[in-house]
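In order, the protein sequences belong to chains A and B.
Start counting the first sequence at 1; every next residue gets the next number (our numbering).
Start counting the second sequence at 1; every next residue gets the next number (our numbering).
FYI, nobody ran anything at the bench for these hints, they're computed from the structure.
What you are looking at is a predicted structure, and each value in this text was computed from that prediction instead of being measured.
Mixed in with the good hints there might be a few duds.
[What the hints assert, rightly or not] With beta-carbon atoms standing in for the labels, derived distance ranges:
#, chain 1, residue 1, chain 2, residue 2, range
1, B, Gly67, A, Ala298, 39 to 45 Å
2, A, Glu74, B, His66, 49 to 55 Å
3, B, Thr12, A, Ser294, 42 to 48 Å
4, B, Asp39, A, Arg163, 25 to 31 Å
5, B, Arg43, A, Ala312, 42 to 48 Å
6, A, Arg265, B, His66, 51 to 57 Å
7, A, Ala298, B, Thr100, 43 to 49 Å
8, A, Arg254, B, Asp39, 38 to 44 Å
9, A, Ser294, B, Leu40, 34 to 40 Å
10, B, Asp142, A, Ala30, 44 to 50 Å
11, A, Arg254, B, Asp142, 37 to 43 Å
12, A, Arg254, B, Arg43, 46 to 52 Å
Cβ coordinates follow ideal geometry from the N, Cα and C atoms, glycine included.
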Amino acid sequence: MAVVESSPGPLLLLDGDLNIVAASLSFLDAFGIEPAAAPGNPLASLGGGEWRAPQLQSLLTATLSGAAKIETYEMDLRRPGGEVRHLIVHAQRLVYLDVDNVRLLVAFTDATDARASEKAKDDALRRNLVLLQEVRHRVANSLQIIASVLLQNARKAASAETRGHLKDAHSRVMSVAALERQLAGTGEDHVELYAYFTSLCDSISASMIPDGHQLALVVEGARGTVDATVSVSLGLIVTELVINALKHAFPDQRTGKITVECQFRGPNWSLSVTDDGIGMPTDPAEIRTGLGTSIVEALARQLQATVKVESARAGTRVDVTHTQVSLVDGQAADAEATVAASRAAQSK
Amino acid sequence: MATNASDASRATLLIVEDEVLPAMALRDELEDAGYRVMDLTGRQAEALDAVRDCKPDLALVNIKLHGRDDGIALAESLTAQGIPVVFISGQTSRARSARTTAIGSLPKPYNAADMVLAVGYLLAHLKGDESQPRPAGLEVFDGEPDTAAA
Numbered sequence: 001m002a003v004v005e006s007s008p009g010p011l012l013l014l015d016g017d018l019n020i021v022a023a024s025l026s027f028l029d030a031f032g033i034e035p036a037a038a039p040g041n042p043l044a045s046l047g048g049g050e051w052r053a054p055q056l057q058s059l060l061t062a063t064l065s066g067a068a069k070i071e072t073y074e075m076d077l078r079r080p081g082g083e084v085r086h087l088i089v090h091a092q093r094l095v096y097l098d099v100d101n102v103r104l105l106v107a108f109t110d111a112t113d114a115r116a117s118e119k120a121k122d123d124a125l126r127r128n129l130v131l132l133q134e135v136r137h138r139v140a141n142s143l144q145i146i147a148s149v150l151l152q153n154a155r156k157a158a159s160a161e162t163r164g165h166l167k168d169a170h171s172r173v174m175s176v177a178a179l180e181r182q183l184a185g186t187g188e189d190h191v192e193l194y195a196y197f198t199s200l201c202d203s204i205s206a207s208m209i210p211d212g213h214q215l216a217l218v219v220e221g222a223r224g225t226v227d228a229t230v231s232v233s234l235g236l237i238v239t240e241l242v243i244n245a246l247k248h249a250f251p252d253q254r255t256g257k258i259t260v261e262c263q264f265r266g267p268n269w270s271l272s273v274t275d276d277g278i279g280m281p282t283d284p285a286e287i288r289t290g291l292g293t294s295i296v297e298a299l300a301r302q303l304q305a306t307v308k309v310e311s312a313r314a315g316t317r318v319d320v321t322h323t324q325v326s327l328v329d330g331q332a333a334d335a336e337a338t339v340a341a342s343r344a345a346q347s348k
Numbered sequence: 001m002a003t004n005a006s007d008a009s010r011a012t013l014l015i016v017e018d019e020v021l022p023a024m025a026l027r028d029e030l031e032d033a034g035y036r037v038m039d040l041t042g043r044q045a046e047a048l049d050a051v052r053d054c055k056p057d058l059a060l061v062n063i064k065l066h067g068r069d070d071g072i073a074l075a076e077s078l079t080a081q082g083i084p085v086v087f088i089s090g091q092t093s094r095a096r097s098a099r100t101t102a103i104g105s106l107p108k109p110y111n112a113a114d115m116v117l118a119v120g121y122l123l124a125h126l127k128g129d130e131s132q133p134r135p136a137g138l139e140v141f142d143g144e145p146d147t148a149a150a
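Assemble the whole structure, with the sequences as input and the hints as a guide.
Right under this line is the structure:
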């Protein structure tokens, strides 16, 4: 009895007629029952009759008789003048050697506050999702307005050079826009690169490759996901390199192909843009302005990646490589060579 | 710019968009591609007035319109009059939930060049011609719940 009375959680010990043998102080406190009112009295007589609930009575009777073993039972306790409490009831039949002396141990857990906090959390989560959607909608609208302004300005630009710069700026904005559209579609923070690069390259083809110019822009590899913050930089790098190839590698309606490829090895990745155009100019000054653009170099530095520009079998290949972990099969040596080449190029 | 002037064959389009700059950019791109674009509006009543005089082949409708006007309600009216609708809104989940009132959705932020391709694709699709590749970002609603493009 002393054990029951000192229980920190509300606890009752009942006899075979559902009379109270002992009640914990925590039970009396929690449900506002006078200590004198409890021992010896029927459970049903407690308080203002709220413990007389037929479902509770039949549960306890069934547990006493051994007809049912009920681990948990949930009930709403409606105390006169008090708020409804949501209780979880555990009832355990205790059988002594004297079979007439059956006891029932009943423990109560008040789940009202936990349920309310769970509901508040659910409500907050729902509110956040609505807010996130609203923010994404606003970002989409803003990007659309910025892109439209650039496009209209390009349309009205008098010189071909200015028009070209404005169209490039439009493509850069659309690179971020394509990512935003993909993120809105999935609701995740990770980006599947193949889908993103395909959508990006489709858009670049539609707006930058003139009608009738037989140029293919294809995406290969890229079967992996990266964090949204990394993918926005990768998208801008791809945009920049593809625009460079479109501008310089295929003069006079020359036909050809530009391939964007991304490979993953654990945390390491490499991105390449290869064209089969006319190849790099021989004048080093032209290489720097034509290919090693400041945007690509800056973004690669931000991603802790290196940039390598080289002649492909036909045309030009640009590799951007991020080596977070040096692998044992010779890739480490390659990575060092790439860093050295990149430093040499930067110091020119 | 990829265009398909022969398919456009002076098809008439209605753009209902409350943001004037994207609407103008879209109009200019579509006109360059050979389409006839009706006067721009961002209001439901004006759009319904306009289609009384001239029935477009396709209506490009943003979901958020001027004031409290709603593009989905407008799309229902247009569809009831036999005018196919494509949503051009960043509210992708609302567009998807209203898939029975439109034939597709190209969500913001879209590339105007992609929209030109999407219009060509949808006009061909309406005629049963499925030979064109589906443009980037375009979702086509065919009444089936899972036909949306990724």
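A quick look at each hint next to the structure:
1. B:Gly67 / A:Ala298: 39 to 45 Å: holds, 44 Å
2. A:Glu74 / B:His66: 49 to 55 Å: Between glutamate 74 of chain A and histidine 66 of chain B, where Cβ atoms are some 51 Å apart, the hint holds.
3. B:Thr12 / A:Ser294: 42 to 48 Å: holds, 46 Å
4. B:Asp39 / A:Arg163: 25 to 31 Å: Given about 27 Å between the Cβ atoms, the range holds.
5. B:Arg43 / A:Ala312: 42 to 48 Å: violated, 55 Å
6. A:Arg265 / B:His66: 51 to 57 Å: Because 53 Å falls inside the window, the suggested range holds.
7. A:Ala298 / B:Thr100: 43 to 49 Å: Given a distance of about 48 Å, which is inside 43 to 49 Å, the answer is holds.
8. A:Arg254 / B:Asp39: 38 to 44 Å: holds, 42 Å
9. A:Ser294 / B:Leu40: 34 to 40 Å: Since the Cβ atoms of serine 294 of chain A and leucine 40 of chain B sit about 39 Å apart, the hinted range of 34 to 40 Å holds.
10. B:Asp142 / A:Ala30: 44 to 50 Å: violated, 59 Å
11. A:Arg254 / B:Asp142: 37 to 43 Å: holds, 40 Å
12. A:Arg254 / B:Arg43: 46 to 52 Å: Check passed, 49 Å falls within 46 to 52 Å.
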